[in-house]
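Now for the letters of each chain:
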Amino acid sequence: MECQRVQDLLSLYLRADLPAGEREAVARHVADCAICQHEVTQVQRMDQILHDYLASVPIINRREAVVSRVMRPRVRLAFSRRLVPVLIAIGLLIALTATALAIRNKIIVVEPSREVSGLEEVVQRAHYPLWVPSVGKLTRVREIEEGRHYTVFLDYTLDDGRIFYVREWDGWNLDVRQWVASIPPEDRDMILGQGIDINGYEAVLFLTTRIRASENQTPEPGPPALRWNAGGTGLELTSSLLTAEITGDELIRVAKTMRKIGR
Amino acid sequence: MENVGYGRLTEIMPDSDFVACLKAGEDAATGELVARYYQPINRYLYGLVHDSQTALELAQETFLQAHRALPRLADDSNLSAWLYRIATNLARKHYRRQQLIHWFPLDYFAVHQDGPEKQIVEKDLVGYALKQLPMDQKVCLLLQVWAGLTCAEIAQAVGKSEAAVKMSLVRARVCFRDAYTKASGEE
Numbered sequence: 001m002e003c004q005r006v007q008d009l010l011s012l013y014l015r016a017d018l019p020a021g022e023r024e025a026v027a028r029h030v031a032d033c034a035i036c037q038h039e040v041t042q043v044q045r046m047d048q049i050l051h052d053y054l055a056s057v058p059i060i061n062r063r064e065a066v067v068s069r070v071m072r073p074r075v076r077l078a079f080s081r082r083l084v085p086v087l088i089a090i091g092l093l094i095a096l097t098a099t100a101l102a103i104r105n106k107i108i109v110v111e112p113s114r115e116v117s118g119l120e121e122v123v124q125r126a127h128y129p130l131w132v133p134s135v136g137k138l139t140r141v142r143e144i145e146e147g148r149h150y151t152v153f154l155d156y157t158l159d160d161g162r163i164f165y166v167r168e169w170d171g172w173n174l175d176v177r178q179w180v181a182s183i184p185p186e187d188r189d190m191i192l193g194q195g196i197d198i199n200g201y202e203a204v205l206f207l208t209t210r211i212r213a214s215e216n217q218t219p220e221p222g223p224p225a226l227r228w229n230a231g232g233t234g235l236e237l238t239s240s241l242l243t244a245e246i247t248g249d250e251l252i253r254v255a256k257t258m259r260k261i262g263r
Numbered sequence: 264m265e266n267v268g269y270g271r272l273t274e275i276m277p278d279s280d281f282v283a284c285l286k287a288g289e290d291a292a293t294g295e296l297v298a299r300y301y302q303p304i305n306r307y308l309y310g311l312v313h314d315s316q317t318a319l320e321l322a323q324e325t326f327l328q329a330h331r332a333l334p335r336l337a338d339d340s341n342l343s344a345w346l347y348r349i350a351t352n353l354a355r356k357h358y359r360r361q362q363l364i365h366w367f368p369l370d371y372f373a374v375h376q377d378g379p380e381k382q383i384v385e386k387d388l389v390g391y392a393l394k395q396l397p398m399d400q401k402v403c404l405l406l407q408v409w410a411g412l413t414c415a416e417i418a419q420a421v422g423k424s425e426a427a428v429k430m431s432l433v434r435a436r437v438c439f440r441d442a443y444t445k446a447s448g449e450e
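Those sequence lines, one after another, are chains A and B. All letters in the first sequence, in the order written, are residues 1 to 263 by this note's numbering. All letters in the second sequence, in the order written, are residues 264 to 450 by this note's numbering.
One should not assume that every hint holds.
List of simulated lysine to aspartate or glutamate pairs, EDC-like, C-alpha gap at most 20 Å [claimed, not checked]: (1) B/Lys423 x A/Asp17; (2) B/Lys429 x A/Glu39; (3) B/Lys429 x A/Asp47; (4) B/Lys429 x A/Glu2; (5) B/Lys429 x A/Glu22; (6) B/Lys445 x A/Asp47; (7) B/Lys429 x A/Asp17; (8) B/Lys423 x A/Asp8; (9) B/Lys356 x B/Glu324; (10) B/Lys445 x A/Glu39; (11) B/Lys429 x A/Asp8; (12) B/Lys429 x A/Glu24.
Okay, the calculated bits of chain B under chain A, using three or more residues with CB under 8 Å as the criterion [said to hold, decoys possible]: (13) 310-316; (14) 387-393; (15) 399-409; (16) 435-448.
Since the hints were made in silico from the structure, they are not lab data. For glycine and all other residues, C-beta sits at the position ideal for the given N, C-alpha and C.
So here's chain A without its partners, still in its complex pose (with noise of 0.2 Å):
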């Protein structure tokens, strides 16, 4: 047996959840192998750290008021049935509403000719001095959580009142505390925090302050102020021509960043 394919069945071997072959294959090779019993003590020390911090976090006790809330669980569930009718009819109320209120505006819906992979196309296509005033008026940013993935929607205006909505797709993959160690020191204040969500994505919020300060500014035109190396990927974000038409409030969802982590 090799050492990565034993290091794979470690953790079911110390609780003897391997059949009777496995269980003696791994026990014969930890036996002759150090890396692979050094691998045995990381295993344990990383379940006990993981066991440790599960009995020692704070939970709220409630036990008595479950036992009587356990008790008593018709009253609701009968509670509960009579709400559905009603629950229904909110729920079509609210999809005739959204749909009345989209024709209205004259949504169109523009898909994107080629994939997007990355925050810096999101923010060069954007920005992209040619492409943005041949379609409108950037007004609006939209991110949408759809599972693992957040998609980003770009909202155009055109002079007419109609809007386009341009529906990029988010997948990058930064190393995103090393871009944030590569912009000055000077510019930190600007960062709000990171932070990791339920799916395992490292978001950063970042421009806040000087966002807020520039809200109902024109730009000034030339180079955006502000470029940051991304990551040491040569890639440039830039954050000037971003605060150009939108409010800071938005502005703060777009400046969000995000990438899996782990494999």
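Using the hints provided, position chain B relative to the given structure of chain A.
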């Protein structure tokens, strides 16, 4: 029925008889069910959702749903795996409803690593590392490490094949360990 107190039924009754008592609607059995599994389920849910209040609400709902589903439970069922499956499904539903982003200051770990709050930071590190895992991997890892379920039981609880669970466990462990060691500066 005489109140026998939490814990006593556990000592004197095998799982199959306990399920029969639950299905018969005995109050003491219900109390025992909650006494036996409330804390583990609550902590398991905390590990998935990282919030005490949400974990509490999902734990309550777990026991309510379990109580409602009792008539359909086979007498020889694995009670623990069954409850964890209900809790997992509720946590997944919660995830689908909510977009949760947990924010940390940029230099949080670097600043606090050597401070007196080391124990707190250690917890944060583990929580942070846990949050890096995709939901499916996190479920498998916690069911193995915390709930003590076997690979076959996890497969039953999450509705996947044993091979898929084994793969999830391997990936979860790599991801968790990488995140933990990086965040703690061990590498």
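| field | Hints violated by the structure (listed by number, smallest first) | value | Per hint list: zero violations.
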